[in-house]
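Visitor: Each chain, written out:
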Amino acid sequence: MRLWRLPLAPWLYLAPAALSFVVWVYAPLGRAAFLSLFEWNMLPDTPIVYVGWANFANVLALPKLWQALGNTVVYMVGLLPLSVLIPFAVALYTQDLPARWRNLYRGMIFVPMIVAPVVAASVWRWLLDPGHGLVNVALKYLGVGPVGFLTDPGIAIWSIIFITGWKLVGFSTLIVSAANAGINPSLIEAARMDGASRLGIVWHVRLPLLSSTALFLVTLSILLGAQWSFSTINVLTNGGPLGSTTNIYYLLWDFGFSSLSVGWSSASAVLLFGGFALLAFLLFRITDRYSFHDN
Amino acid sequence: MTTDVATAVLLPDARGVRGLSTSRVRGRDVLGHVVLLLLSFVCLFPVYWMLATSLRPPNAIFDVSLWPGTASLANYRATLEAIPVVQMLFNTLVVSSAVTVIQLVTALLAGYAFACWNFRFDRLVFTLIALTWLVPFQVVMIPNFLLVADLGLLDSLTALIIPHFASALAVMLLAQAMRSFPLEIVEAARIDGAGSWRLLWRVIVPNVTGALASLAILIFISTWNEYFWPLLLSRTAENTVIQIGIQMFMTEQGNQWGPLMAASSMASLPILVFYVVLQRQVVQSFMKSGLR
Chain D
1 MRLWRLPLAP WLYLAPAALS FVVWVYAPLG RAAFLSLFEW NMLPDTPIVY VGWANFANVL
61 ALPKLWQALG NTVVYMVGLL PLSVLIPFAV ALYTQDLPAR WRNLYRGMIF VPMIVAPVVA
121 ASVWRWLLDP GHGLVNVALK YLGVGPVGFL TDPGIAIWSI IFITGWKLVG FSTLIVSAAN
181 AGINPSLIEA ARMDGASRLG IVWHVRLPLL SSTALFLVTL SILLGAQWSF STINVLTNGG
241 PLGSTTNIYY LLWDFGFSSL SVGWSSASAV LLFGGFALLA FLLFRITDRY SFHDN
Chain B
1 MTTDVATAVL LPDARGVRGL STSRVRGRDV LGHVVLLLLS FVCLFPVYWM LATSLRPPNA
61 IFDVSLWPGT ASLANYRATL EAIPVVQMLF NTLVVSSAVT VIQLVTALLA GYAFACWNFR
121 FDRLVFTLIA LTWLVPFQVV MIPNFLLVAD LGLLDSLTAL IIPHFASALA VMLLAQAMRS
181 FPLEIVEAAR IDGAGSWRLL WRVIVPNVTG ALASLAILIF ISTWNEYFWP LLLSRTAENT
241 VIQIGIQMFM TEQGNQWGPL MAASSMASLP ILVFYVVLQR QVVQSFMKSG LR
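Chains as they are written, first to last, in this note's numbering: chain D, 1 to 295; chain B, 1 to 292.
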């Protein structure tokens, strides 16, 4: 449809947004690719030296990079119980509660989502403090601990995942509940008429109908979970102890703004972008293929 | 699907009322309440503990009684003396409001172009805009930082605003809202001789206020809570946002728990109060965005 004859009109309307995306996303992507071939420390008066693929070779040879990639996978997978499994269990288990109650609970479990990541990190830092934090005080009462939730290299990453998941669990539960409540009641009724048990209805009717919601939540936590952890990592552990909580996003920041190595950071950024795009493409393909659509 | 789920959010009873009231169902209900109460507790308690700690007198900060016996504003006083909280809150408000208004306007214009015109490469451009959602910020942070530095805007509020000039999510949501607008009305207005600019503001905008309001909530809260970009740019306490201020009470040498919790409370209260007042709308705008 063309409503007005002036062919330039849509482009004029588009211009502010489009220009912004060119200036702040696409041009920077190009500049990052360009900088990945150079060595530079970001100071205006130092020379930018062409080093070809050396940055890539150097970065790929770093054990730190592989540790960070491994940790990134732990973040992505470790988040799934809080972002997908528990929300599904809670939403399906509590579907029969009266609406008035569900509204009340909804209001409460959504709160972490609007709490700022820095605030969440500082509150949990206080709760998990080895000396006086409430969690360790309670554990001591039970004769356990104190546990170095943020200082023990084997535990710290799970504390960060828990805090990231804490922000998401209520939101995910609401998404599943809403999708579950949107299922056509006549389908459930039909299954009941056929003599399906409660569990049978959940397993054979509800879960297949909720598969697209599940895939959406999985995609969201895999693509964004490790990124969302960034603030928590930076506020709580700075990637430590011993690099045990550093994921690839934090490593980029570390290369760029702690080590001031623009080349290394850009080379890892290019690698990350490639891997991320591939992962996103795969996840969207899977979502398209396996999600089951009602109607 | 979006509308289905949005309806379900708005009308939790949409799936109909069931007349079951056997004792077995009641037993399940009780367990359901237990599960949800437990989840609510986990979600709410840290927020409560933040407020409770912030109100304790400094000499009782390690007190673990669940209810603070004597309330004291000493931590708040200490926070206000240590960092320019009022200035930071004001900065945060300025940045969040500016970003909200700017993103709504750019998205409104771009969404209008997609909804009411067919033009060469329109699908390609739309895809390219949607794809920006997939570029992790860490990938473009150095070039963006260099650009801001070249413009001489380091350590300024302007620099916190301009990279958020447009949002892919806002463009997509508003384009979708406008596409569902009946074309006959647009056509009729055009025949009456209305220009496209006037039509946008007189006819389209009044009809997408719902989408605009819910986007505004979402953008405002996300910008208020943003941490990473201010962290890169800020140099002085007077020119930064409250999220950076909170961090100043956590150092390698130790944590000042009282002022830390007071600063965190002051950073959260505006959003929490807003949430208490407009709970339904806030939840709904987050869910709409999440359901795409």
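The set of hints was computed from the structure by calculation and includes no laboratory data.
Check each hint, because a few of them may be wrong.
As the list claims (entries may be wrong) - Here chain B is said to cover these stretches of chain D; the calculated rule only asks that three of the stretch's residues, wherever they fall, bring their Cβ under 8 Å from a Cβ of chain B: (1) 35 to 41; (2) 259 to 268.
Said to hold, decoys possible - A few chain D residues facing chain B, derived, Cβ under 7 Å: (3) V22; (4) V25; (5) A32; (6) R100.
Built from N, CA and C at the ideal position, the CB exists for glycine as well.
Visitor: Hint by hint, say whether it matches the structure.
Guide: Now for the hints, and whether the structure bears them out:
no., hint, in the structure
1, 35 to 41, "violated (count 1)"
2, 259 to 268, "holds (count 3)"
3, V22, "9 Å, violated"
4, V25, "5 Å, holds"
5, A32, "5 Å, holds"
6, R100, "9 Å, violated"
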